[in-house]
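Sequence order for the protein chains is H and R.
If you read the first sequence in my numbering, its first letter stands for residue 5, the second for the next number, and so on.
If you read the second sequence in my numbering, its first letter stands for residue 58, the second for the next number, and so on.
Please note that a few of the clues may not be correct.
Unchecked claim - From the derived model, a few chain H residues whose C-beta atoms are all more than 12 Å from chain R:
| # | residue |
| --- | --- |
| 1 | Glu28 |
| 2 | Ala39 |
| 3 | Ser41 |
| 4 | Gly43 |
| 5 | Leu46 |
| 6 | Gly59 |
| 7 | Gln83 |
| 8 | Ser96 |
| 9 | Arg216 |
| 10 | Arg220 |
| 11 | Glu243 |
| 12 | Lys251 |
| 13 | Ala261 |
What the hints assert, rightly or not - Between beta-carbon pairs, the in silico distance windows are:
| # | chain 1 | residue 1 | chain 2 | residue 2 | range |
| --- | --- | --- | --- | --- | --- |
| 14 | R | Arg212 | H | Ile15 | 36 to 44 Å |
| 15 | H | Gly141 | R | Leu72 | 17 to 25 Å |
| 16 | H | Ala56 | R | Val148 | 16 to 24 Å |
| 17 | R | Ala65 | H | Arg189 | 40 to 48 Å |
| 18 | R | Gln150 | H | Ala56 | 35 to 43 Å |
| 19 | R | Ile198 | H | Gly218 | 49 to 57 Å |
| 20 | H | Ser144 | R | Val148 | 34 to 42 Å |
| 21 | H | Tyr208 | R | Arg62 | 49 to 57 Å |
| 22 | H | Arg220 | R | Leu147 | 34 to 42 Å |
| 23 | H | Gly141 | R | Gln150 | 47 to 55 Å |
| 24 | R | Gly168 | H | Tyr208 | 56 to 64 Å |
| 25 | R | Ala65 | H | Gln84 | 32 to 40 Å |
| 26 | H | Gly59 | R | Leu105 | 40 to 48 Å |
| 27 | R | Val216 | H | Tyr45 | 53 to 61 Å |
Rather than coming from a laboratory, the hints here were simulated on the basis of the structure.
Ideal placement from N, C-alpha and C gives every residue a C-beta, glycine not left out.
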Amino acid sequence: MDERRTAWLLIVVLVGQLILVAIEGARSSSSVTYAESLGLYLLGPVARVVAATSGSLEGLRGGIRLQRSLLAENRALRQQVEDLRLHLLRLSDVEEEMARLGEAIRYAAPLAGQIRAVDVVYADRTSWLRTLILYTGSQSASIDQPVLSPAGVVGRVVMVAGPYAKVQLVTDRAASVGGMLLRTRRQGLVRGSGQASGGLNLEYMLLQADVRPGDRVVTAGIDGIYPRGIPVGTVVSVEPGGELFHKIRLAPAVDFAKLDQVYLLDHVSVPREIEKAVPGARP
Amino acid sequence: MRVLRIFAAFTLALLAHLVGMHLFPSFGRVVDLFLVVLVLHALEGNSLSALLVGLCAGLLEDTLTNGPFGLFGFADTAVAYLTARLAQRLVIQRPAGVAGVVAFGSLAQQGTLALLAFLLLPNPSLPDPVGALVQAAGCGIIGMVVYVAFRRWSRVLDVRRRSRVSRLRLE
Chain H
5 MDERRTAWLL IVVLVGQLIL VAIEGARSSS SVTYAESLGL YLLGPVARVV AATSGSLEGL
65 RGGIRLQRSL LAENRALRQQ VEDLRLHLLR LSDVEEEMAR LGEAIRYAAP LAGQIRAVDV
125 VYADRTSWLR TLILYTGSQS ASIDQPVLSP AGVVGRVVMV AGPYAKVQLV TDRAASVGGM
185 LLRTRRQGLV RGSGQASGGL NLEYMLLQAD VRPGDRVVTA GIDGIYPRGI PVGTVVSVEP
245 GGELFHKIRL APAVDFAKLD QVYLLDHVSV PREIEKAVPG ARP
Chain R
58 MRVLRIFAAF TLALLAHLVG MHLFPSFGRV VDLFLVVLVL HALEGNSLSA LLVGLCAGLL
118 EDTLTNGPFG LFGFADTAVA YLTARLAQRL VIQRPAGVAG VVAFGSLAQQ GTLALLAFLL
178 LPNPSLPDPV GALVQAAGCG IIGMVVYVAF RRWSRVLDVR RRSRVSRLRL E
């Protein structure tokens, strides 16, 4: 093919991709292109094999190290189990009391969801466009499903291709979570800063609001994705921002560098009856 | 044979990228192996082949990232085509020259990505300028190392082939 035809082909390819990007940029989170889905189908198994191989190598190395400190660790864990048992006893008392009080004032508690553990097969948490690819096994994930770790919110599922799912991390600039200050119950919007450090910003917090470094932020349960009360981060700095709002920076609750397994939360944010009556309803 | 070589190069790049991301979480910020492969291929000067390889590399990167599908596809196709056109006009054989072209390709890719994100996305997150320079330097160094290693390997193969042919003639 001569250079002129190649140049025309280049123009066609570039314009085609430009249109694709423009459509994708404006698309809803539930629509996914076939090419992207196919790509994830093909790349997912490779990523899984690599993750499993390096995981087993790390496990082997860790096993040798573990054997040396096994006795001391066992002793410490036994002590920890005893402490936790006592703590659990106290908490079950508190839970019963809460349930009794809730019944007395007819409080409808938010629905608790089921969680299931899934493996992370690919993680890119430092580059410009952050990604996590999960292997969910026979039970596929669903779009917008919350992804959690024991420390807090990780992100939400944005794409599903069979047993593989792509996750948008909360630290991504395009991600947003309804957040609430645990101390004062003030609500705002948590957004990824998009910086390499992986921080978060708490936006739309009025200047009158009492916010201090060290305040913990949890999900507010107002975005229709995450249920209430899951840790998001801790306030690290508060500065006077524009005319109305504080400029608040948060440190994420989750250490994204340590994620090799996460939890998918199966929960219904809007009860089915309400969804039927008011299509597209959000809590 | 050529297609197989490109396929093998991309498979190796993919495996190295996945292993690298597992071992060093910042690996993706320091080097873009797919870009290195496509620029080294484009340096051969065939613009059509470079265009197709750039398109495949870009779509592969789009699958691994969380941006809109086609973002890397566009940038990599443009970079590969421009590199091939540059290679048609200039003779780039010195390792330092190759490093420079790969680094420039990386900067051009990131500049294109930033421009596209700024123009087309509602809430764009732009790459960090220092990170972009670090990645360009990383890509340049890796590109130079791969180029030198591949050239040496080709020479060794060539010498072996020649000696085998001369032995056959003697016999």
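How the hints compare with the structure:
1. For H/Glu28, the shortest C-beta to C-beta distance to chain R comes to about 3 Å, within the 12 Å cut-off, and the non-interface label is violated.
2. Residue-level check failed: H/Ala39 sits 6 Å from the nearest beta carbon of chain R, not beyond 12 Å.
3. A beta-carbon of chain R comes within 12 Å of the beta-carbon of H/Ser41; the shortest separation is about 9 Å.
4. Chain R draws H/Gly43 into its interface by the beta-carbon criterion, the shortest separation being 3 Å against a cut-off of 12 Å.
5. With a least CB separation of 8 Å from chain R, H/Leu46 falls inside the 12 Å interface cut-off, contrary to its annotation.
6. Interface exclusion of H/Gly59 from chain R breaks down, the closest Cβ pair being 8 Å apart, not more than 12 Å.
7. Non-interface status of H/Gln83 relative to chain R is upheld: no Cβ of that chain comes within 12 Å, the nearest being about 33 Å off.
8. A cut-off of 12 Å between C-beta atoms confirms that H/Ser96 is not in contact with chain R; the least separation is 39 Å.
9. Consistency note on H/Arg216: stated as away from chain R, and its beta-carbon is indeed over 12 Å from all of that chain's, at 28 Å minimum.
10. At roughly 26 Å, the least C-beta separation between H/Arg220 and chain R is larger than 12 Å, which holds for a residue marked as non-interface.
11. Every CB of chain R lies more than 12 Å from the CB of H/Glu243, the least distance being 21 Å, so the non-interface label holds.
12. H/Lys251, annotated as away from the interface, keeps every beta carbon of chain R farther than 12 Å; the closest lies near 17 Å.
13. With a least CB separation of 5 Å from chain R, H/Ala261 falls inside the 12 Å interface cut-off, contrary to its annotation.
14. Between R/Arg212 and H/Ile15 the CB atoms are about 39 Å apart, so this pair conforms to the stated range of 36 to 44 Å.
15. Our hint of 17 to 25 Å for H/Gly141 and R/Leu72 holds, since their Cβ atoms are close to 24 Å apart.
16. For the hinted restraint 16 to 24 Å between H/Ala56 and R/Val148, the CB-CB distance of approximately 46 Å leaves it violated.
17. The hinted window of 40 to 48 Å between R/Ala65 and H/Arg189 is violated, with their beta carbons roughly 58 Å apart.
18. Between R/Gln150 and H/Ala56 the C-beta distance comes to about 42 Å, which sits within the given range of 35 to 43 Å.
19. Evaluation of the 49 to 57 Å hint for R/Ile198 and H/Gly218 yields a failure: the beta carbon distance comes to about 43 Å.
20. Distance hint check: the CB atoms of H/Ser144 and R/Val148 are about 53 Å apart, inconsistent with the given range 34 to 42 Å.
21. A hinted range of 49 to 57 Å for the beta carbons of H/Tyr208 and R/Arg62 is consistent with their spacing of about 54 Å.
22. For the pair H/Arg220 and R/Leu147, the beta carbons lie near 58 Å from each other, so the given range of 34 to 42 Å is not met.
23. Checking the proposed 47 to 55 Å range against H/Gly141 and R/Gln150 shows it holds: the Cβ atoms sit about 51 Å from each other.
24. Separated by about 33 Å at the C-beta atoms, R/Gly168 and H/Tyr208 break the suggested range of 56 to 64 Å.
25. Between R/Ala65 and H/Gln84, the C-beta spacing of about 51 Å breaks the proposed range 32 to 40 Å.
26. Checked against the hint of 40 to 48 Å, the C-beta distance between H/Gly59 and R/Leu105 comes to roughly 41 Å, which is consistent with it.
27. For the pair R/Val216 and H/Tyr45, the beta carbons lie near 44 Å from each other, so the given range of 53 to 61 Å is not met.
Checked against the numbered hints above, the structure violates hints 1, 2, 3, 4, 5, 6, 13, 16, 17, 19, 20, 22, 24, 25, 27; every other hint is satisfied.
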